[in-house]
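Chemist: Using the supplied hints, reconstruct the complex from the two chains, each of which is provided in its own coordinate frame.
One letter stands for each residue in the lines below.
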Amino acid sequence: MKTPYDALSATRSTIEEILAKILFIKKESRNRAELRELFTQASVAFLNLRQINRVILQEEDHVKQETEAAKLPVDHTTLQLNNLLYEKSHYLKAISACKDFKSKYPDIELVPVEEFYKEAPDEFQKDSTLRDDPHKEMLERLNFELYQRKELCKQQELLEARKKMLQESIAARRKFLSSLPSHLKTLKKASLPVQQQLGILHTKRMKQHHLADLLPPPLYILYTQLSALKEAFNENIELEIIGSIKDAQALVKQQALKESGLNHGGNEENKIEEEIPEEEEELQRRRKRVKKSHAKESSDEGVYHSHPLTVVWHIFDEVVDGGKRTKLLSVRFEYLMRLNMVCAGVEGDRHGPLELLTNLFPDDTGMELPTQAAKLSAGVEFQYDVNRSCHPYKWAQHLAGVDFLSEVPPLVSEGHGPSEFSKATSIRHGLSAYRKQHRVQTVLEKLRSRKKAHLALRGQLDTLSNSKLPHCVYIEVPWGPYKSKCFLHSWAEVLRTGLPKPPASLDDAPSLNMVSSSAEGLEISPVNGLESLREDGELPSAAMMLTPASKVPKFSSLMQKKLYSVKERSHAKRVPFTQAKEAFTMLNNDASVDFKDLGALDDDDDMILEFAGSPMDNTNADDIEESTNFEKVSAWEECGSRTFNAVFRGEDSETGKIIDLEAQVKIFSEHPVRPPYFELRQLTDEVTPSLPSPPRGVLTVTEKAYDMPPSSLLAFSDLRAMEKEVNSGIIQLLPTSHENEILAQQLSMLAMLFDAYVDSRLRSCDQHHPPLSVGATGTTNVHELTARSIRGRDRQMQLC
Amino acid sequence: MASKCQQKWDVRNWDEAAYKVRLQADREESTRIVYAARLAPSSDFVATASSNGSVCLYSVASCLASQSMDLNPKTAQLEMEPFLSFSRHDGAAYDLQFYGEDDDAILLSCGDDGKIQGWHWKRIEQGDFSNYSDGRLQKPDFILANPQQKGLRGALAPVPEINAIATDSQGYVFSATGSGHAYCWDLEREKIITTFEGHSDYLHCICSRPSQKQVITGSEDGTVRIWDCRTAETIAILDAHKAAKVTKSPKGKLPWVSCVAIDSSQKWLVCGTGGNCLTLWSLLSFDAVTRICTVSTPQAVTIENSKIMTVGALPYLSCFTYNGDVISRIRIAPSSALSISAYSSGVCIVSGYGGLVDIISEFGSHISTFRCK
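For the protein sequence lines, the chains are A and B, in the order given.
Residue 126 in full-length UniProt numbering sits at position 126 of the first sequence, and the numbers go up by one each step.
Residue 288 in full-length UniProt numbering sits at position 288 of the second sequence, and the numbers go up by one each step.
Note that these hints are calculated values from the structure, not bench results.
All residues carry an ideal CB built from backbone N, CA and C; glycine is no exception.
Hints may contain errors.
Unchecked claim - Derived pair list, reagent style DSS-like, types lysine-lysine, alpha-carbon separation capped at 25 angstroms: (1) B/K20 to A/K452; (2) B/K20 to A/K451; (3) B/K373 to A/K724.
What the hints assert, rightly or not - Per label pair, the in silico range of CB-to-CB distance: (4) B/K245 to A/N466: 49 to 59 angstroms; (5) B/Q148 to A/K452: 40 to 50 angstroms; (6) A/S191 to B/D26: 50 to 60 angstroms.
As the list claims (entries may be wrong) - For the chain A half of the interface with chain B, some residues (derived, Cβ under 8 angstroms), not all of them: (7) H398; (8) R439; (9) S728.
Isolated chain B, as found in the complex (with noise of 0.2 angstroms):
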């Protein structure tokens, strides 16, 4: 492909075709959208899960080399390659999670192919890669595959795509799936060990609260759920449009929960729904403290360090405090941006539509932006 691509274009060995070929990967990847990029467990790579099932590394020290001095995000979009490329999803890849610590890390990855597709992270920093030396990507250490629902007359559904995963300290991961079930995998046995079922449309985003053995799921059926790790039972539902505490799923539609998140302590959950809003609840009461209007459908949310941020479907990144005042906006290289993930040392990284990754330091500058090739 490389090859292909320094070929010069001219009337001497014309090949039409592969011109069109390459026109068509050039519209594609600038239609690319990054819908996770974390850091990784070292710290040197961010991790990135694209539009295109793609799952690659970055590496941030190069990134930061070849950053030119132009710090306006608009221009200074450099064009990364990726350190390391994994396997690929059939579809979009939808999440990235690392679950564990240093060295037992495992990367996680799921998307539109109803797959959590997992990666020993000591294996990747160890640089064995015995299968991707031959050329071809490396394969999966695992892989979960999504189970499939019967539908009428016991054919099987379509299979649902993964949107979100999140984990917990104690060898869980939990999935949401576009069937509207969440699961709970035991990643030891590769099994499904816990069904959460309930919702009544497919699910957006999951996040687990360990201290209380909870997890909790946002979903296009517009509430936000509350369940038992233990029974699968749900504890509390919550109508995230009208702000309150319901003991059945809401007739009608309501704007969808686009995302969840809760806080260090483990106290506050805020979601985000279709409505350009957020809401901060008490996970005590189950009550709804604050509703915070933000200038966009919210597409992802996150609370480091009592500052809720979010990010949605412009290109601007906005911090509340939980009274639901404005701390800050900034403004961000991808014009949509769907995944955000803050850490303690202040660092926050957001991705989006244009294959963009911005990398923003705790007082709103940016540290390095590039597009994903």
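Okay, chain A solo, but in the shape it has when bound (with noise of 0.2 angstroms):
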């Protein structure tokens, strides 16, 4: 069948081939009949096309009606398919659900199958399905574990109460434990006197124990080494502390604060007065006169503000007799927490700390601050205050071991800490050293040798005052047997201002004379005075008559003065480098200000030479500037040091003539280490070698230039070599062990000498004295027999 498209297309071509001949006619302009044809020809061919037309619309209705008529059932379909496919999807959802449930079963750690079967009841044992069903296994297993654990449950029940009654009971137990302190302490306290009795002194010396925790570093190694010495030499030595412990205490926790923050520190307090017991309130008490005085002290000066614990020291003699110990004398350390220092003094005396530790080795005079960290933070200016009873002497700080503790901060903390340990391992090895050293020895040797060799001196100076020479236990020395004519006519101590004490008797001698002329500033010793006249068998206006009246003249008032203004000039120059030293023995103001005044009066040496007219008195001048001199360029020498002035007196036995010989001594420091200094001149001079006239016209005599002065029987090469003899012979001929009488040696060596020089020296001018040569005719020829007893350029005199 012929489709309308077809017919259509059919349609549309004839159509065309009917309009294309019409315009090839019209084009041609030819037959217009054929033209009317065409003409119907096409309008039928357009009839044809429009009912074709109108069938294909027609089919084309139809067509859509079918499809609409189809479309129904098809959508139906389509959402059936969707539920199902939703339904599918929901389903497949909970089964995935159900699979992924997990059972608590495998987590529980269940005994293992084995066990299991050979701990479970027989019944399951026994039964044999349950071994081939998993499941059921499993089960029983289950119900297995929930049965055991429930049996330890009970037990774990059973146990906690029998843990509660325990700790019930150790409560109960520590109550009783916290109290029995206070029973242990009124034991203690019961016991105290019967440990007094017995001189056992445990409960002390633990409480020292615990106060020395409390020390700063410095004096806690000097407590401890102090301590060892003690333990391990069983030295004759006490070491106690003192002080206020509650400031201790203090001190510590400001330190824990600052460095370990506040937490730590409270707890530490906190630990710290639990640790204080009662008792020690009633020690305090006990100190509270130590306490104050160190208020005051602490109080006036920062830079001397001490730690409130000080080391007291006490020695004892090193030979123990029937038991009882001689204390030779207590040192007292103190700390001073600004500059890091120790001082040492000696406790209980507050007169000569300085002689006694003073120099105690060489150059440590306790009046310079020790280390240069310490004068730095004192600042410049500072000056260390003489009348403290402490002073920081370098062996102080060496037995404090300040020298290796320098770098670390006071009161080291327990710290674990790299920078601790580095500081410990320093300490340590600064320790070895020290032990090395035998620091804690040789300080306990000097001093003990220091005091002993002072309560000899003192000895000695005692029966000095009284003007006799002390006796002298070693006499393996060439004076030791021999019985010296001349004897001690004075004996005076030279004080600091350059002025002796009054001697017994008025003396000629220029340097008692200016006693004179300034009493005022002088401490007065009547008493020794007085015995000493007593000792020499003589009144006081005796004494006063027995001495020349010509003599007085001789040293003319203004000389007087002069020779005065010199002495004192020299001492004058030595107050500036020394005023510190000066004012520590200073007995008044006034004193000072005076010679300080006339020291300013007199500048130029040589114009007060020139004046001071007499060549003798140059010398006396030229001594005492040459000691001076001495003074200037060693100065710590002479710190402490206490000058004498002795005079001796002999006499000619066959004219009754008196000679006296002055000596000055300066007894040092260090003595007897540094033996007494002597420094000698001759005062009178009656006995004089004298040149008789030469026969006149036979020559020209000069006048005397000058005034002649007396020239002095001994001559200053003899006062020299005695001088020599006396300080520096003797220390040879001294055995150690009697060198604290060295004192009493060199006097009586220089009585011997004395006798000796002058012997020897009236020998040798007697001959030319008319009245003597008849009885020195025989001791000429003795004197040739005999050995040369001088000899050499200087005429010294040869001793055996």
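Modeler: See the structure below:
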């Protein structure tokens, strides 16, 4: 069948053909007749065309209707499909959820299967089905587990109860324990009298050790080393820590706060407070006086702020005779916190701590701050207060180990950081060096020998103040058995102002004459004076009578003054250098002002020397000046030294004339290691080798250009030779075991030398004294027979 | 020793014995006496003989260099290390002389041990100190030992000391000894060729008078004797005390003659005695001319440029004319001087107690003052 479309296209092509024919005819304009034909054909074609078009549209409508009808059932089916798909996915989800569900049982630590079969009741073991069915098996296992666990829970409860019970009992016992210390304390208290009685000072020592923990490191080292010495060598020393414990604890607290924050500090505080035993309070009450004096000292200046605790070192004599120990001295050590140095002083001896401890080792006066750091922190112009009882000696620093502790801050905490560790090692090294150097032993030995020397010296000085020569125990020396012809005429201490104490009898010595010119600033010792007079067996008036009146005008008043001023000036020179030292023993300020003024008056040495016409005076001045120079160069040696003025009087047995020898004896603080230093001078010149005038006319004799000095019997070189013997020659002759009596030995040696020299010189000038020539011939012969007594350029005596 | 001195003395490693030794040494040093100080021929050095027996050379140049501006002799005492130390005498070294000229010069020292030690100056100058290099002191080139006198029953007396030496240009050295004898030594043969015997006590000083072949000695017995070198006989005995020529030693004891000196014309003799005076004699007639009182016992005297210069037991150097008039009195450093040597340049060196050496210029100023170490 022909489809409408084919018909349509055929029709269209027919139309197109007709139209093309028409067009062709029109163009050719030929046969119009054909045209008509053609028009009808075309109109028929067009009618066909319309008909076909209508058929097509009708067909289309028909198809549309058919499609519409088919669409409905298709839609319904699609919906159904979707529903089913959804349902399916839901089920799948549910299945997977179920599949994902976890049971608890795999997590439970079950007893292993083997064990289960071993331990479970028999019923399970026999049930063979169990083994085949793992599920059942598991269930049974779980049941068994549950059972077991329940049992254990019961057990736990039981134990808990037991524990509680025990804790209760512990608490009860602890309660008892905490109350025990007080019981013990009462017991201890009760035991104290017994301890006292038996001489076991256990409690005290414990207390001290407790206190030691509060000491600053330097004092702690000092304390531990000293106590170690005591324990190890059984040395006769005692140690004591005194001071306010509370203050010390407060200080520790402060330090702790600073170092490790508040919390830690708080803890420590509590701990420490707990540790304060009640009895300490009592102890503190006892120490109240000490504390008060401390407070006074520490409050006056920040630099002198010292640690509240001090260590006192009691030193006893080495020899224990009959169990009784003689106490030699107590040294107190205190710690100046700001300057980080340790000061030492003699306990209970406010007058002469310097003398005893000064220059215990060379160049250690205790006047200067020992370390550079201390000097810096104290400031440039800082001068250590000489009136303090304790001084920063170098040996005290060494004893306290300040030299190796210096980098460590005070109160090292017990930390374990690397820095602490290195500190600890440095301290350990320091301590081992410390022990190797035997510092403690050395200081102890030195202190003992120093104190003994002091006691010996005091004894000698006491004897001397009675104008007696002290007795020498050791007589294995040349002068040991010698009985001296001369005697000690006077002995007086020269005070620091340069003026001697008034001696027993007035003498014509210029230095003694000076006394009269300024007697105000003097400390007078009339007792000694009177006693010495009695020893001489002379009355004061008689003594004055004995001194020849003719001698007095020899030293004119002007000269006295000049000489006085020379002496004063030489001391005034020293003032700026050693003002501190001067002030120490200065009795009153007036005296010092006086001589400073005097010193200011005279500046030119030579002027004074020329004015003081007599050359004799010049020698005196020179001597003084020399000593001044000496002092300038080495002032530390002078620190704490004392000067005495001794006058020996010898008598010429034949004429009864008197020869006086003045000795300035300087006793150093290092006595007897540095033996006393003697400076000699002859005072009276009654026996002088005078020249008879030469024959007149033969010779022109020049006039004396100057006032002739009273040429002395003992020449300059004689005095110097005697000085040399006494000052240095003696050291080799005297064994160290007897060095404490060196002053006595020196004096008796001097007495012998004086006798020997006077004898020799008298003999040598006897021959040209006509009154003596009768007796002299005899001596001359003897002289020739015996060995030569003098020798050498400076006519030195030959001493055997 | 030097290391010991620098050692720090404190409680660490304390050595008390060493400290005592040091103190002793310090004390002994402060009492040292320089018995003689003389300028060496080359003038660069001062040679000293001191009481510890040491003979030392000090360099003048370094002295001057380190001299402080403070010219006060009492304060300006610098301590000098010796440039060179020679071997020590046992006991004090009392005198020191240079013998000969320039290159042939010999340094002679004498001392309490009765020995004269001699060193060739040339060797010293050339620095030929083979012995010195290994730390020991240099040994002398020769030693002349004093003979000992026989005493009672043939026993030997103690060795007498030599208190002074003098030289003359003919190879002779004279020594004044403690036995009262003076000796003339021949240096080449190192032997005593003449013994001058006659003094009744020991000799303090000696000086030679080469022009007349004479030697002059001063003794503790208070006389000055003038001897003929060739015959060893006494030409004259001068009693210094009575200021007169005597024929024999006076009886009794007189103040000792501590020093003698003659002037360059060798016509004048001056001697100092223990009685605080100097006596000037004319050597032509052996007459005392002037007696000069001194402020102290004269211990050394010299005549230079018609000036009598003397030092004694006081720290003054006094100059007098032949008439006894005082020319000057200069303060010197040592409080007692035992030696004076004056030189034609006007410089004079005094030395004495305290180990002090003072070099003084023509005009009395102190060129250099030092303390021997």
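Chemist: Report the numbers of all earlier hints that the structure fails to satisfy, in ascending order.
Modeler: Structure breaks no hint.
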